[in-house]
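**Q** Sequence:
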Amino acid sequence: MGNNLDLLKNYFPIADFIAEINGPKCEAIVHDLSDLQHSIVHIVNGHLSGRCVGGSITKYALDLIMKQEDKTRDAFMNYIGTNEKTGKILRSSTLFIRNRQNETIGLLCVNLDVTEMIRLRDELNGYIMVQTEVPSSKTDASERFDLSADEIVDEIIDGLMQENGVGVPTATLAEKKELVAKMAARGVFKFKGAVNHVAAQLDISPQTLYRYLKELEK
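Using the numbering used here, the letters of the sequence shown map in sequence onto residues 127 to 344.
By construction, these hints were calculated from the structure, which means they are not laboratory data. Be aware that a few hints might be false.
In silico DSS-like pairs for lysine-lysine, Cα to Cα no more than 30 Å straight-line [what the hints assert, rightly or not]:
1. K135 x K318
2. K344 x K318
3. K151 x K308
4. K135 x K340
5. K344 x K193
6. K318 x K340
7. K197 x K340
8. K193 x K211
9. K211 x K197
10. K211 x K340
11. K151 x K135
12. K193 x K318
13. K316 x K135
14. K344 x K316
15. K151 x K211
16. K211 x K303
17. K316 x K303
18. K344 x K303
19. K340 x K193
20. K197 x K135
21. K303 x K340
22. K344 x K151
23. K318 x K303
24. K344 x K308
25. K193 x K303
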């Protein structure tokens with residue numbers, strides 16, 4: 127982590143610069159991917175998403191890493207992020223930070239608060255009264271900033287259960303084993319304490335879950 131952090135520190139002034147030229151409605155963050163649960167190592171204007179140094183990666187960013195999107199792209203730009211606790215809507219972009227071996231070690235994320243701009247746009251649309259087919263910002267949100275690490279894990283678990291039509295009370299051991307494999311592929315077990323948390327959710331012992339994970343490694 128030490129060498130990575132030294133390299134990531136080079137991006138701290140860049141984050142400061144981006145936030146400064148865009149003003150208080152711009153949040154800039156540097157993530158260290160060596161510790162996903164406490165990945166935020168630098169943040170400016172964290173009040174926009176309610177986060178601070180030591181906070182975790184988002185589910186959206188975790189999905190990018192687990193799907194290895196960084197292998198084919200340098201960045202993802204201008205997608206919608208939300209904080210449902212504050213009601214803010216953010217226009218977000220993520221740049222992959224790589225080391226000299228071309229390994230992705232961090233993220234530089236920029237989030238612009240566009241909540242008021244969207245409100246003004248909606249007011250103007252009300253005056254213009256023309257069908258614009260603008261998608262709902264909340265419905266189409268790609269990233270949420272108000273989730274803790276445990277909440278991210280719960281959201282992934284709930285999503286997988288819905289996708290597979292599986293409920294814990296009726297799930298067979300084979301179905302639970304398959305869910306564990308899919309959770310591992312989504313990065314759930316990269317979070318500290320996730321094994322005990324998932325075991326409780328699936329109503330199996332932590333020892334059984336560890337056995338499933340060891341079988342997956344083979």
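**Q** Would you mind marking each hint as holding or not holding in the structure?
**A** Hints, one by one, checked against the model:
Proximity of K135 to K318 is assessed by CA-CA distance (about 25 Å); at most 30 Å being required, the pair is judged to hold. For the hint linking K344 to K318, the alpha-carbon distance of about 22 Å falls within 30 Å, and the restraint holds. Straight-line distance between C-alpha atoms of K151 and K308 comes to about 37 Å, which puts the hinted pair past the 30 Å bound. Between K135 and K340 the CA atoms are separated by roughly 36 Å; this puts the pair beyond 30 Å, and the hint is violated.
About 20 Å separates the Cα atoms of K344 and K193, which keeps this hinted pair within 30 Å; it holds. Straight-line distance between C-alpha atoms of K318 and K340 comes to about 17 Å, which keeps the hinted pair within the 30 Å bound. With a CA separation close to 27 Å, the supplied pair K197 and K340 stays within the 30 Å bound. A threshold of 30 Å between alpha carbons decides the hint, and for K193 with K211 the separation of about 28 Å falls inside it, so the pair holds.
Taking the CA atoms of K211 and K197, the gap is near 33 Å; set against the 30 Å cutoff, the hint is violated. This hinted pair does not check out: K211 and K340 have alpha carbons roughly 38 Å apart, beyond 30 Å. For the proposed pair K151 and K135, the alpha carbon gap of about 23 Å is at most 30 Å, so the pair holds. Between K193 and K318, the direct Cα distance comes to roughly 21 Å. Compliance with the 30 Å bound is thereby established for this hinted pair.
The straight-line distance between the Cα atoms of K316 and K135 is roughly 23 Å, inside the 30 Å bound, and the hint therefore holds. Restraint check: the Cα-Cα separation between K344 and K316 comes to about 18 Å, which is no more than 30 Å; the hinted pair holds. Distance check on the hinted pair: K151 and K211 sit about 17 Å apart at the alpha-carbon level, within 30 Å; holds. With a CA separation close to 34 Å, the supplied pair K211 and K303 exceeds the 30 Å bound.
For the hint linking K316 to K303, the alpha-carbon distance of about 18 Å falls within 30 Å, and the restraint holds. Restraint check for K344 and K303: the C-alpha separation of about 14 Å stays at or below 30 Å, so the hint holds. A hinted pair counts as satisfied when its Cα atoms are at most 30 Å apart, and K340 with K193 qualifies at roughly 21 Å. Taking the CA atoms of K197 and K135, the gap is about 23 Å. The hint holds against a cut of 30 Å.
Under the criterion of a C-alpha separation no larger than 30 Å, the hint pairing K303 with K340 is consistent with the structure, at around 12 Å. With a CA separation close to 48 Å, the supplied pair K344 and K151 exceeds the 30 Å bound. Taking the CA atoms of K318 and K303, the gap is about 20 Å. The hint holds against a cut of 30 Å. A threshold of 30 Å between alpha carbons decides the hint, and for K344 with K308 the separation of about 15 Å falls inside it, so the pair holds.
For the proposed pair K193 and K303, the alpha carbon gap of about 21 Å is at most 30 Å, so the pair holds.
The earlier numbered hints that this structure contradicts are 3, 4, 9, 10, 16 and 22.
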